[in-house]
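Participant: Position chain B against the provided structure of chain A, taking the given hints into account.
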Amino acid sequence: MNLTLKIWRQKDSNAKGQMVDYKVTEISEHMSFLEMMDVLNEQLVNSGEEPVAFDHDCREGICGMCSMYINGEAHGPDRGVTTCQLHMRMFKDGDTITIEPFRAAAFPVIKDLIVDRNSFERIQQAGGYISVNTSGNTQDANSLPISKHAADEAMDAATCIGCGACVATCKNSSAMLFVGAKVSQYALLPQGQVEAADRVKNMVAQMDLEGFGNCTNTGACEVECPKGISLDNIARMNRELMKASI
Amino acid sequence: MSGFFKSSIGRKVAMALSAFFLMFFLIMHLSVNLLSLFSEDAFNTASHFMGTNPLVQFALQPVLIIGVVFHFVMGFILELKNKKAQGVAYAKNNGAANSTWMSRNMIYSGIAILAFIILHFIDFWIPELNTKYVVGDMSGMYNGEMRYFHELVEKFHSPLRVGAYVIAFVFLGLHLAHGFTSAFQSMGSTAGRKKALQNFGKAYSIIIPLGFIIIALYHHLFNNH
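Chains as they are written, first to last, in the working numbering: chain A, 1 to 246; chain B, 1 to 225.
The shape of chain A in the complex, shown without the other chains (with noise of 0.2 Å):
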């Protein structure tokens, strides 16, 4: 295949960048997307020009770190999966594709593809995790009753990797879905329990700090979610900040 890249080039957080038009040329419909910008890349290593700087790490769908807004979607065409497992055949010979990073005001870019997704780990730290002795004494977790239904819940919560494409996504750049799956794991399971109340009110107080915006229920973020969280998580998510503020 050969295609025409429309990518989004920014030398660093402060300077103002613009998309640069790239050509590539005998791409394998069975590379990833990210594969066919390796090849971009080593195209522009032996020209002598600077690479393209995107975010990868597991290449396997599961670490969240690889983004991009291809073709005005996150994580591209397909659904249910990330950037590292968007397949080339899902474009055709002679295509243009445009490429960007995740755009929100919380996301700012540190160069080219690369965004600044550290307000999301300043939420978590705000209040995504259970406090419990871990000395030694910890206790067996099957002797806690949970229903299946529950359990299963929380399992679809807690696959959210946390990649921000629902942020990229959302036409108001909220962060809800997140929250939503990160708040839900925690209120569908007794261990989350005690820390309820504390949980929803910080995180989404430091949600709402880190300027991300209002959700407006379009769904999109549902739609291009690679791990298919629900909107359900939101409805969750908003339940629980209304008990913990009564």
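Simulated from the structure, these hints should not be mistaken for laboratory data. Do not rely on the hints blindly, as some may be mistaken.
Claimed, not checked - 35 Å max Cα-Cα, derived DSBU-like pairs, lysine-lysine:
#1 A/K243 <-> B/K84
#2 B/K202 <-> A/K171
#3 B/K92 <-> B/K81
#4 A/K243 <-> B/K202
#5 A/K23 <-> B/K83
#6 A/K111 <-> A/K16
#7 B/K83 <-> B/K194
#8 A/K148 <-> A/K243
Facilitator: Just chain B now, with coordinates in the frame of chain A:
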């Protein structure tokens, strides 16, 4: 609790609560207007009651106005906050791939509805207040007859007014098509995500505006004496 309504989620809940109130009001308003299709007397009686009953005038009416103003002001505040949260705009954004036009354009359908409400205030509400509370005529009579039905028919003479009316209610339908189920989600209920309530919401967002449109067209076409 005051902290709750300052949070992003609290603001959504406040939007939803005012939306529920306004959606209930729409049913009330349409019910009264529908009477005009069937009985001049019934419409006159209902209008006179709504227009002169102290409970409606001095308790429900102020609440309605506060509800309307609150919903718009908060809508604009949230829109501005959300614009600020977006940062740099995408060169290419395929919103249609993951969400409906209605859900992405609530602010525009809302502005169209606001424009209509302003016109409706100038056209109906202010003259009505003038008659009742400035002139002091609480009789509901004009030339020895109840005036409400005649005023309604008179209003719908103008094709321009009927045209604006129809357009405004199409926007109301688009606003409700997302707003109805969205309000449930904001209130923390997953009911809006279930097929039954989604279908009810669809029906509501079509029937309510269509009802108002039919009334306007009926009086324009068949009562244009």
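Participant: Hint by hint, say whether it matches the structure.
Facilitator: Checked hints:
About 29 Å separates the Cα atoms of A/K243 and B/K84, which keeps this hinted pair within 35 Å; it holds. A threshold of 35 Å between alpha carbons decides the hint, and for B/K202 with A/K171 the separation of about 23 Å falls inside it, so the pair holds. With a C-alpha separation of about 22 Å, the suggested pairing of B/K92 with B/K81 holds against the 35 Å cut-off. Taking the CA atoms of A/K243 and B/K202, the gap is near 30 Å; set against the 35 Å cutoff, the hint holds.
Between A/K23 and B/K83 the CA atoms are separated by roughly 34 Å; this keeps the pair inside 35 Å, and the hint holds. Straight-line distance between C-alpha atoms of A/K111 and A/K16 comes to about 11 Å, which keeps the hinted pair within the 35 Å bound. Distance check on the hinted pair: B/K83 and B/K194 sit about 30 Å apart at the alpha-carbon level, within 35 Å; holds. As the CA atoms of A/K148 and A/K243 are separated by approximately 24 Å, the hinted pair is consistent with the 35 Å bound.
When each numbered hint is compared with the structure, no violation occurs for any of them.
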